[in-house]
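For the sequence shown, numbering that gives the first Met the number 0 gives the first residue as 0, with consecutive numbering after it.
No lab work stands behind these hints, which were simulated from the structure alone.
Note that beta-carbon positions come from the ideal geometry of N, C-alpha and C, so glycine has one too.
You may find that some hints are simply not true.
[Claimed, not checked] Simulated restraints on C-beta separations:
id: 1; residue 1: L442; residue 2: Y36; range: 33 to 43 Å
id: 2; residue 1: S179; residue 2: L330; range: 39 to 49 Å
id: 3; residue 1: F433; residue 2: I200; range: 19 to 29 Å
id: 4; residue 1: L393; residue 2: E109; range: 46 to 56 Å
id: 5; residue 1: F400; residue 2: K111; range: 50 to 60 Å
id: 6; residue 1: D27; residue 2: D409; range: 34 to 44 Å
id: 7; residue 1: D409; residue 2: N335; range: 21 to 31 Å
[What the hints assert, rightly or not] The calculated DSBU-like cross-link candidates involving lysine-lysine, where the alpha carbons are at most 30 Å apart (straight line), are:
id: 8; residue 1: K92; residue 2: K66
id: 9; residue 1: K403; residue 2: K443
id: 10; residue 1: K277; residue 2: K331
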Amino acid sequence: MSNEFVHSVTVPRIYKITADIVRRVREDGASLKTLIYEKKHPNVAGIYGLAVNTLQALPQLDQLFDKTQILTEQPRLNPWLARVLITELLWRKRCLKNRSKPVLTVLAYENKLREESINLGYIETFVDHKDKVKRPRYVRVNTLLLSVEKAISLFQEDGWQLLPKSTTYSSYLQSLSQLSEPYFIQDLHIPEMLAFPPSTIFHNHEGYRGGKLILQDKASSLPVHLLNPISGSTVLDMCAAPGMKATHVAAKLQNNGTIYAVEIDAKRFKTLLTQLEKTHALCVEPLNQDVLTLNSKLYSHVEYILVDPTCSGSGIVDRPKQSEMDGMPELKRLKNLQSFQVYLLRYALFNFPNAKRIIYSTCSLHPEENEEVVDEVLANVGNAYRLLPVRQLLKNNWTNFSSKKYNCGDLCLYSKPNDDFCNGFFVAVFERNFDVTLPKCKLKGGNEYNMNLTETNLNIKKDDMAKTFAHQQEKCEKKKKKKKKKKEEKEVISISDEQMKISADIVEFEVLDIDSKIKAKSKNEVEKMDICNDSFNFNKALNGSKDIQKETLDIMETKKSKKKKSKHENTFLEIDYDEKEQNKEIGVELLKIKKKKENKEIKNDKIHKIEQAEETVIGSSKKRKKSKEIY
Numbered sequence: 000m001s002n003e004f005v006h007s008v009t010v011p012r013i014y015k016i017t018a019d020i021v022r023r024v025r026e027d028g029a030s031l032k033t034l035i036y037e038k039k040h041p042n043v044a045g046i047y048g049l050a051v052n053t054l055q056a057l058p059q060l061d062q063l064f065d066k067t068q069i070l071t072e073q074p075r076l077n078p079w080l081a082r083v084l085i086t087e088l089l090w091r092k093r094c095l096k097n098r099s100k101p102v103l104t105v106l107a108y109e110n111k112l113r114e115e116s117i118n119l120g121y122i123e124t125f126v127d128h129k130d131k132v133k134r135p136r137y138v139r140v141n142t143l144l145l146s147v148e149k150a151i152s153l154f155q156e157d158g159w160q161l162l163p164k165s166t167t168y169s170s171y172l173q174s175l176s177q178l179s180e181p182y183f184i185q186d187l188h189i190p191e192m193l194a195f196p197p198s199t200i201f202h203n204h205e206g207y208r209g210g211k212l213i214l215q216d217k218a219s220s221l222p223v224h225l226l227n228p229i230s231g232s233t234v235l236d237m238c239a240a241p242g243m244k245a246t247h248v249a250a251k252l253q254n255n256g257t258i259y260a261v262e263i264d265a266k267r268f269k270t271l272l273t274q275l276e277k278t279h280a281l282c283v284e285p286l287n288q289d290v291l292t293l294n295s296k297l298y299s300h301v302e303y304i305l306v307d308p309t310c311s312g313s314g315i316v317d318r319p320k321q322s323e324m325d326g327m328p329e330l331k332r333l334k335n336l337q338s339f340q341v342y343l344l345r346y347a348l349f350n351f352p353n354a355k356r357i358i359y360s361t362c363s364l365h366p367e368e369n370e371e372v373v374d375e376v377l378a379n380v381g382n383a384y385r386l387l388p389v390r391q392l393l394k395n396n397w398t399n400f401s402s403k404k405y406n407c408g409d410l411c412l413y414s415k416p417n418d419d420f421c422n423g424f425f426v427a428v429f430e431r432n433f434d435v436t437l438p439k440c441k442l443k444g445g446n447e448y449n450m451n452l453t454e455t456n457l458n459i460k461k462d463d464m465a466k467t468f469a470h471q472q473e474k475c476e477k478k479k480k481k482k483k484k485k486k487e488e489k490e491v492i493s494i495s496d497e498q499m500k501i502s503a504d505i506v507e508f509e510v511l512d513i514d515s516k517i518k519a520k521s522k523n524e525v526e527k528m529d530i531c532n533d534s535f536n537f538n539k540a541l542n543g544s545k546d547i548q549k550e551t552l553d554i555m556e557t558k559k560s561k562k563k564k565s566k567h568e569n570t571f572l573e574i575d576y577d578e579k580e581q582n583k584e585i586g587v588e589l590l591k592i593k594k595k596k597e598n599k600e601i602k603n604d605k606i607h608k609i610e611q612a613e614e615t616v617i618g619s620s621k622k623r624k625k626s627k628e629i630y
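Make a model of the complete structure from these sequences and hints.
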């Protein structure tokens, strides 16, 4: 076969999709199953198995990369696609038949990869997920859109045959273990839950696409079944995404009540919204926020609470350990998770005074996340809450319970994959004893702790709001003043121009008066000033001889004292501003002189300063090229 166009051969879509899914799970912490269903690839099982094995092999794959230098020598090879292809080559199909460039690149290193894999002891390390315990394919009927009876009837019309309902848990488990096509069975505990053979695919089923059928493992439906809210109740789902529990509660209530579904993560919140719309869960009010920031006073009417916090997920079948993916020691991870789980459960128990029943659940099999959490919180609440025995709630039809070596004893439920044919799960049921007052608790999540925290936050917010408001007011005032100042400056400039003209007229009038006196007194001095010259310079006239200046003062004093002889002391402010301010002050003062020159006596020192001001006005006028010639 010619290799001329080998580079144009595309990589099989299943490998590209799996590589992208593995990358997003590893880098973004996204949900594996959610990503797989989003891709809408027909081979869901194949992608899931390959993705799980690749995630499990990440530490080994990184070591193989270092030993073989494949990524260093082949920089164009996508590292995530390389991980998927190597996993397929070494531990799954053990061959790659495609002729695309990435596949051929990996095959070129096949001998090195196998040799290093043997040296590192990675032979037969991973077991195909299909070889593990096979769980039934559980389907929950969405009773908001379809009754259980109608759903069973529709399946029977499709050729499925319903097995007789079991009366005991042991007989039910036996039926599950032998379940094969074309048979299905109704769940012993949850009537709306149907179980089909493990290989059954519903992703393309009309009922699934229309929101009438929900693909949900039985274990994750147990918390809502044990919560058992009555119609018209108010329920709080503290960690709601992807929405399985919230929609299940809505179906239990038949949309008659209120469900607050809280989810902090924005992406998961979008998934929640999609699920609510798809299932017609109209009584659910989604809240995209941290549940620990809820004002418990606004939600004090909540009667039932679901607490299903982030956990290790150790109970989920085929799920790779998080410690294998990020390298964090398992014990350290569990302690970190436990701290948050205690905080969240304590918050639920202490801050909602009307809560009747609270469910704490995890998809973990570790006591650190289960019995230890329950014991720690129980020690805080005293007799205000008590644990209900799940054994009795399920009418003795269950086999796995919490360990008696803990204070909670065997009152809590465990589901275990090998025994119960569903994912591993833990459920504890807390019931409020309203005869006992809730004690005060200053620990994280406690009523006093959260009250103080809330009050502090409120005070901080109020202070911040007050400061912000004051700052904004100050800012607005500054803007107003700035605008007003600009407006005044414009007006002053226009007024100053007018005043300059008036000042010039005043000066001209005074100088002409001076001129007539000077002509009569001394022709020689007049010739010095060149008053009769066509290009008479006013500045020279004002700066003439000392005799002329004295004469000017005498004349002006005589004219001003005709109407009023009383002397007044008045201080004229020294002009020490910029050019515009000078024009404004001078013009205004000169205008006052014009208006009052007939009835106000001005002292000699003021007249002298006015004379100086007149000189400044003329100087400014020259700068503006608006000077006048005075004759």
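Verification of the supplied hints:
no. : hint                     : in the structure
1   : L442 to Y36: 33 to 43 Å  : holds, 40 Å
2   : S179 to L330: 39 to 49 Å : holds, 41 Å
3   : F433 to I200: 19 to 29 Å : violated, 49 Å
4   : L393 to E109: 46 to 56 Å : holds, 53 Å
5   : F400 to K111: 50 to 60 Å : holds, 51 Å
6   : D27 to D409: 34 to 44 Å  : holds, 39 Å
7   : D409 to N335: 21 to 31 Å : holds, 28 Å
8   : K92 to K66               : holds, 23 Å
9   : K403 to K443             : holds, 27 Å
10  : K277 to K331             : violated, 39 Å
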